[in-house]
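The lines below spell out each chain.
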Amino acid sequence: MSAILVQKPGLFTTIQDLGREGFGPMGVSASGAADPISLRIGNRLVGNPAGAAALEMTLVGGVFTFERAAVIAVTGADFSPSVDGIPLPMWTSIKIQEKQTVALGASRSGARAYLCIQGGIAVEPFLGSASTHVLSGLGGFEGRALRNGDRLDLGAPNPLFRKETLSPKVLESLQPRKLIRVTNGTQSDWFANSSWNIFCESTFRITEQSNRMGTRLEGPPIPVDPSREMITEGVSLGAIQVPPSGQPIILFVEQQTTGGYPKIANVISADMHSVGQLRPRDEIRFERIEMNEALSLLIRQEALLGSKELFQE
Amino acid sequence: MRKSNTSKLPGGDAQFRAASDQSLLVSFGQQITLESHRRVLKLLRLLQSKPIDEIRNLHPAYCSLLIKFDPLRLDHSELQSRLVPYLARLEHAPLPKPRQIEIPVCYGGEFGPDLDDVAAMHGIAPTQAILLHSSPIYIVCFLGFAPGFAYLGGLPKALASPRLETPRAKVPQGSVGIGGNQTAVYPFATPGGWRLIGRTPMAMFRRNQRPMNLLQIGDRVRFRPISEEEFAESSSR
Chain A
1 MSAILVQKPG LFTTIQDLGR EGFGPMGVSA SGAADPISLR IGNRLVGNPA GAAALEMTLV
61 GGVFTFERAA VIAVTGADFS PSVDGIPLPM WTSIKIQEKQ TVALGASRSG ARAYLCIQGG
121 IAVEPFLGSA STHVLSGLGG FEGRALRNGD RLDLGAPNPL FRKETLSPKV LESLQPRKLI
181 RVTNGTQSDW FANSSWNIFC ESTFRITEQS NRMGTRLEGP PIPVDPSREM ITEGVSLGAI
241 QVPPSGQPII LFVEQQTTGG YPKIANVISA DMHSVGQLRP RDEIRFERIE MNEALSLLIR
301 QEALLGSKEL FQE
Chain B
1 MRKSNTSKLP GGDAQFRAAS DQSLLVSFGQ QITLESHRRV LKLLRLLQSK PIDEIRNLHP
61 AYCSLLIKFD PLRLDHSELQ SRLVPYLARL EHAPLPKPRQ IEIPVCYGGE FGPDLDDVAA
121 MHGIAPTQAI LLHSSPIYIV CFLGFAPGFA YLGGLPKALA SPRLETPRAK VPQGSVGIGG
181 NQTAVYPFAT PGGWRLIGRT PMAMFRRNQR PMNLLQIGDR VRFRPISEEE FAESSSR
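Chains as they are written, first to last, in our numbering: chain A, 1 to 313; chain B, 1 to 237.
Treat the hints as calculated values from the structure; they're not laboratory data. Glycine included, C-beta positions come from ideal geometry on N, C-alpha and C. Keep in mind that the hints are not guaranteed to be accurate.
With beta-carbon atoms standing in for the labels, derived distance ranges [to be verified]:
1. B:169 with A:149: 43 to 51 Å
2. B:163 with A:228: 12 to 20 Å
3. A:223 with B:30: 15 to 23 Å
4. A:162 with B:88: 49 to 57 Å
5. B:32 with A:179: 16 to 24 Å
6. A:149 with B:131: 50 to 58 Å
7. A:223 with B:169: 23 to 31 Å
All chains should be modelled from the sequences, with the hints used to inform the complete structure.
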């Protein structure tokens, strides 16, 4: 028996977990949630393992009717969630009764909201993950974004579950940033000081062409040394490629696994969830930091996510 | 942690560069050669047969291997030291005899809308371009871009063609393209800027088979020209 009927899919709603690592040699990138922190917290709020499969909504959320009772949590950006028309608090576990309808609207803050449900969404894993890889039509629900009338199944509920709410202090410290911190990338020294000055001192706008493969930016062009010839190499999550146009692209979760453009810098791991919350027309800036600082920030973030103070009763 | 970007360690001519706070690029020279390809392939195979726990992913390319690792358990310099014994074995690590794979291609017409342009660009007849493309034995240098997309090395210089000014929004699945001095088959209908000269009915990525990708790094590939009838027959099979 299915558990959830998709009444309206929203703009672009896919099933995501924490992605599939280890298939780079096949040309398959990790995919996974664009804002993995919101996914992890949402899953923990409903008593799931942090990497259970949930719904990732983009800019405009969907409408879902529950065909059986379930425990849910809505996390990520504020898409004005409601249940049967009554506003639904975010970042907290909520019991939904059979035949109730959960609706999300247009984003009021970032780009992505997550609907996490106890038991997780049950789909056949592809290469060990439920994540949808849209470009290749693999994983998730039939390898595609959800449509009207789709029916989703759930995994087994967790009988040990206890209602939880995210601590407001933690929520505050995990707020998505618009000043994105970066470290050097593999071709950082190909860019003259003048190029670096443009990169670090300008404001860049997110374009409409951005998607889960890459976040495309628009700003003053960053000159690339034309005498350098790039040989295609493996590219990491968050790499900031500068094509001949000088308009940078941040490689994102559904990234190509190799690339032939020079990379001026790389977004630090601790700020990747912020990239996942960027909307078209948002404006960002970059700040270059040292590698060891990037690592300390990640360690601090993970400590916060693992701490006892994460939730309040 | 190191501030400088490049350094050398014992264990061959490998160069290390931090690509991000969770990845390290190991490169073997700055030229696409058979030797650098063999080193990448050997390091990949060694790391696959005797995995380092903290490594999460490997992205091979022409003359480099990007290693993604768990930054909470390892840093760049520790990973470098852990790689030393692997690099020391590269010289003598055996590589299995490469697999030979033949890919049938229906050249030109609606399957290869850019064949005539490519031929004209080089002042040759389309039939000659087909002959040139289907003669060599190509090497799968690596898979990248998209699942199952194999970058093939060995394209005759007389066929090297610049990418399209404006990439196509959707390249049909199975299209055979030329981009610079590389050729490849598009495993999925994706956007693409390579010039399309033909199409294969053969699936490059098969989610219900093992291995899923028809081609693997190190394979040898030949293209065999087929007729439209043969294409239709293989597709319906």
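Taking the hints in turn, this is what the structure says about them:
no.: 1; hint: B:169 with A:149: 43 to 51 Å; verdict: violated (27 Å)
no.: 2; hint: B:163 with A:228: 12 to 20 Å; verdict: holds (18 Å)
no.: 3; hint: A:223 with B:30: 15 to 23 Å; verdict: holds (22 Å)
no.: 4; hint: A:162 with B:88: 49 to 57 Å; verdict: holds (53 Å)
no.: 5; hint: B:32 with A:179: 16 to 24 Å; verdict: violated (39 Å)
no.: 6; hint: A:149 with B:131: 50 to 58 Å; verdict: holds (52 Å)
no.: 7; hint: A:223 with B:169: 23 to 31 Å; verdict: holds (29 Å)
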